[in-house]
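Now for the letters of each chain:
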Amino acid sequence: MTRSVRRTRRTLQVAGASVAALLALSACSSSDDSSSAKTKSDTSSAATPKLSGSITVFAAASLQESFTTLKADFEKAHPGTKVNFSFGGSDTLAAQITGGAPADVFAAASPKTMAIVTAKSDAVGTPATFVRNQLEIATLPGNPDKISSLKDLTKSSLKVVLCDKTVPCGAAAQKALDASKLKLTPVSYEEDVKSALNKVVLKEADAAVVYKTDVKAAGSKVEGVEFPESANAINDYPIALLKDAPNPAVAKAFIALVQSAEGQQVLNQAGFLKP
Amino acid sequence: MTKADGSGAVAAPRRGGPRRRRVRPAVPLPLLLPGAVALVFLLLPLVALLVRAPWSSLPSLLTSTEVWQALQLSLICATAATAVSLVLGVPLAWLLARTEFPGRGFVRALVTLPLVLPPVVGGVALLLALGRNGVVGQWLDAWFGITLPFTTAGVVVAESFVAMPFLVISVEGTLRAADPRYEEAATTLGASRFTAFRRVTLPLIAPGIAAGAVLAWARALGEFGATITFAGNFPGRTQTMPLAVYLALQNDPDAAIALSLVLLTVSIAVLGALRDRWMTAS
Amino acid sequence: MTNPHAAADGAPPPQGPPAPDTDACTGGAGGNPHPAEGRAATTHPHPTTHGLHAHLVVTRPAFHLDITLTAAPGEVVALLGPNGAGKTTALRALAGLTPLTTGHLHLDGTELDRTPPESRPVGVVFQDYLLFPHLTALDNVAFGPRCHGATKTDARTQAAAWLDRMGLTEHAGVKPRRLSGGQAQRVALARALATHPRLLLLDEPLAALDARTRLDVRSQLRRHLAEFEAVAVLVTHDPLDAMVLADRLIVIEDGRVVQEGTPADIARHPRTDYIAHLVGLNLYRGRAADGHTVELAAGPVITTTEDLAGDVFVAFPPSAVTLFRDRPTGASARNLWRCEVAGLEIHGDQIRADLTGELSLAADLTTVAAAELDLHPGAPVWATVKAAQTHAYPA
Chain A
1412 MTRSVRRTRR TLQVAGASVA ALLALSACSS SDDSSSAKTK SDTSSAATPK
1462 LSGSITVFAA ASLQESFTTL KADFEKAHPG TKVNFSFGGS DTLAAQITGG
1512 APADVFAAAS PKTMAIVTAK SDAVGTPATF VRNQLEIATL PGNPDKISSL
1562 KDLTKSSLKV VLCDKTVPCG AAAQKALDAS KLKLTPVSYE EDVKSALNKV
1612 VLKEADAAVV YKTDVKAAGS KVEGVEFPES ANAINDYPIA LLKDAPNPAV
1662 AKAFIALVQS AEGQQVLNQA GFLKP
Chain B
3 MTKADGSGAV AAPRRGGPRR RRVRPAVPLP LLLPGAVALV FLLLPLVALL
53 VRAPWSSLPS LLTSTEVWQA LQLSLICATA ATAVSLVLGV PLAWLLARTE
103 FPGRGFVRAL VTLPLVLPPV VGGVALLLAL GRNGVVGQWL DAWFGITLPF
153 TTAGVVVAES FVAMPFLVIS VEGTLRAADP RYEEAATTLG ASRFTAFRRV
203 TLPLIAPGIA AGAVLAWARA LGEFGATITF AGNFPGRTQT MPLAVYLALQ
253 NDPDAAIALS LVLLTVSIAV LGALRDRWMT AS
Chain C
1150 MTNPHAAADG APPPQGPPAP DTDACTGGAG GNPHPAEGRA ATTHPHPTTH
1200 GLHAHLVVTR PAFHLDITLT AAPGEVVALL GPNGAGKTTA LRALAGLTPL
1250 TTGHLHLDGT ELDRTPPESR PVGVVFQDYL LFPHLTALDN VAFGPRCHGA
1300 TKTDARTQAA AWLDRMGLTE HAGVKPRRLS GGQAQRVALA RALATHPRLL
1350 LLDEPLAALD ARTRLDVRSQ LRRHLAEFEA VAVLVTHDPL DAMVLADRLI
1400 VIEDGRVVQE GTPADIARHP RTDYIAHLVG LNLYRGRAAD GHTVELAAGP
1450 VITTTEDLAG DVFVAFPPSA VTLFRDRPTG ASARNLWRCE VAGLEIHGDQ
1500 IRADLTGELS LAADLTTVAA AELDLHPGAP VWATVKAAQT HAYPA
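Residue numbers (the numbering used here), protein chains in the order written: chain A, 1412 to 1686; chain B, 3 to 284; chain C, 1150 to 1544.
Excised from the complex, chain A in its bound form:
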């Protein structure tokens, strides 16, 4: 729901800039980001070792736990800095960035969504892959249906949910199924990976194909089953500094932390693979 609201707001901003009354109504909109971004350009030249100020990181929802841990580490290491997050679906975030949202860093769940940003040349340099995420089957606790392979999911008695093909986890699952020439008819193509997982958590579905990180985050509410075909559909997570970043110095430092050994360890614990 919030996604569509944001989208409306963006359209408003583009199409209705002249209607002062309406802009006044949407006071919380980002109507002045472009101007503020330009005034900040001088601070980037003064890249001093002493970092200060805040940055905004747009990150895929699956990164929420690990990035929040990293934020605490970062703010401790660099007193005077503050890291703000906007977690959401990668595609929504990409749309917001191309629409002018004031972000410094974009960490996407797929190269495809990052490409939306780079295509509009909103990113600085080449995005770097910082982690990879592998698919896993989430089953009910204790795996009552004895699912051990991707093929087991094709049993007609099972209620399986997949992510929709338009979202990264769905595309990856489809890739894995295609690679092993399996035909799977799920009961639902969920709109994002968390919804797919939740259907298993709520025991409405018997299994879902989701990311390792999601299974890990769900704890004991689901049981993960690895399957070899997932190697064919590993998702790369790219990260990039954005062109209009209000605070590029701090942003660069944060990206460096994410790519450092320390950062990789935190991400590993959440179930991410090294690039």
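Take the hints with a grain of salt, since some may be wrong.
One-sided excerpt, in silico: chain B residues whose CB lies under 7 Å from chain A [stated by the list, open to error]:
no., residue
1, R134
2, V137
3, F146
4, I148
5, P151
6, F152
7, G234
8, N235
9, L249
10, Q252
These aren't lab readings, by the way, just hints derived from the structure by calculation.
In this text, a Cβ means the ideal position worked out from N, Cα and C, and glycines have one as well.
Based on the hints, put chains B and C in the right spot on chain A.
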């Protein structure tokens, strides 16, 4: 002998009277300005949709089976949800408006709860109630083998849950405004309370019911959160237009805009037709 | 003034009222357009209990109704009283729309205390008629027969016959909002009669009409009521309506019956200020002390021609009062009171003076006389009444 009746001429103008008082040209500015701003505010996003619509790719989008499937499903489910709301909601509205029972005000507040509940939460609540492991759903499954999630019936359930309060509130308001003495008059003519409701009250409040039904239908047609949470998303079975639009938005915003336009056009056509047919009837 | 019993016409009216079977529903009878044919067959198991016998008690916060009501078949009874007296509550209790707190209600020997309104052989003409706005006049009238089990065709045939009786045939297909007040009233009457009620209730049947229509409709209604062979009870606050339409008046004040009798009787012998005021009389209660003298509780004495003893009422019309600016000299000083003008009201070329003082009374005089006397509020006057123009009767 009873024919001579000059009273007709005397009484008639009095009855037609109020209709003629409509010559008031000056619209006060404190009403006109905010009103105009409100109109612009409501219409501007729609205009923006039209401006940015991918007109060239529209024909190919509209001929895709998925779109028709989703549209058809949307119309069927919204209509079914409206029917469910009518069958169950009108009696509930009558109970709330015409009977006295302890805690009636509280019950009325509860009825409006789905209005304030975020639809996604509504969907989760429905899963907890009617899902395969839900409070009631587990018995539906065990006794009748009925599971609602991931079925078209589930879509209707989710849409009814969200849309019915609109109908109940609307009909209850109309019932409160309607003169209950018509029902009394009917009972003195030998009608049971139900007959009085069916043959007198129902026709009297028909415009209010129609308005409530249209409101409920429109709400059901645009329902997204509860539907995708409770019924999931499967083309042809549970993927209604709003779901298709949302998913199209993930990687093809142009397609999403086009789908939205289809939904808008169809709903404007249906609502317009209904308005002419029902709302102005009485 | 009195309304003779329906039977006074001699023969039943051309298209008499419908068959008075107690079950009131002629559903299966098959569209009998001349219901009067069934009339001769009327025999009731308990002839002695015919008609209405009711003791209505309704208690509500700040209101208490307790009246006894009896009426024979064919009788038209009017409940007359000021607003808030409980007339409408009594009517609703008879119809079953307001439950009785206690008391009883028997109609033609059947107890109806706990019978729901839809099962009572009662027809109601509501004050604003409450014709169903979505149905035509015909379907409004056919509603009752339909509810009593008649087929659609039968019900409509019966309804058409009723509308014909009311002279409304050409308005059968019209929706109520296009009927005039008088026509709507007749449709409402037809609708109530179409269920063949054993008790017809009319709530302020003429109140919704303007003055001119009222005159016509009143006489029509009088004729229809005269033809009605069961009990009719009408509620009104208008004494003229009550006296024209009813055989018997029951005057209610504050939820109690204060007087009961024929219209003529009540008009001549009012027992409360309310009735006296309604019929335009000055009314006093006192004690006949010595032959022709009545001592009022407040002190003054009225001389009358009647020779009575004990508690009595004395009444005289305002037109019998003569006013003087100065104390009239000569002749008798009987029935002479010193008063003061409290208010003046103009009725046509007459002026009614409201007087206070030794005796409160109303006096009628011409505008010319009023001008000559220089009457204005606060002006002192002397009022006299000839003994021959007073009327005294036992209380």
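Status of the hints after comparison with the structure:
1. R134: 5 Å, holds
2. V137: 12 Å, violated
3. F146: 17 Å, violated
4. I148: 14 Å, violated
5. P151: 5 Å, holds
6. F152: 4 Å, holds
7. G234: 3 Å, holds
8. N235: Hint on N235 of chain B: holds, closest Cβ of chain A at ~5 Å, below 7 Å.
9. L249: 5 Å, holds
10. Q252: 4 Å, holds
In this structure, the earlier hints numbered 2, 3 and 4 are contradicted, and the remaining ones agree with it.
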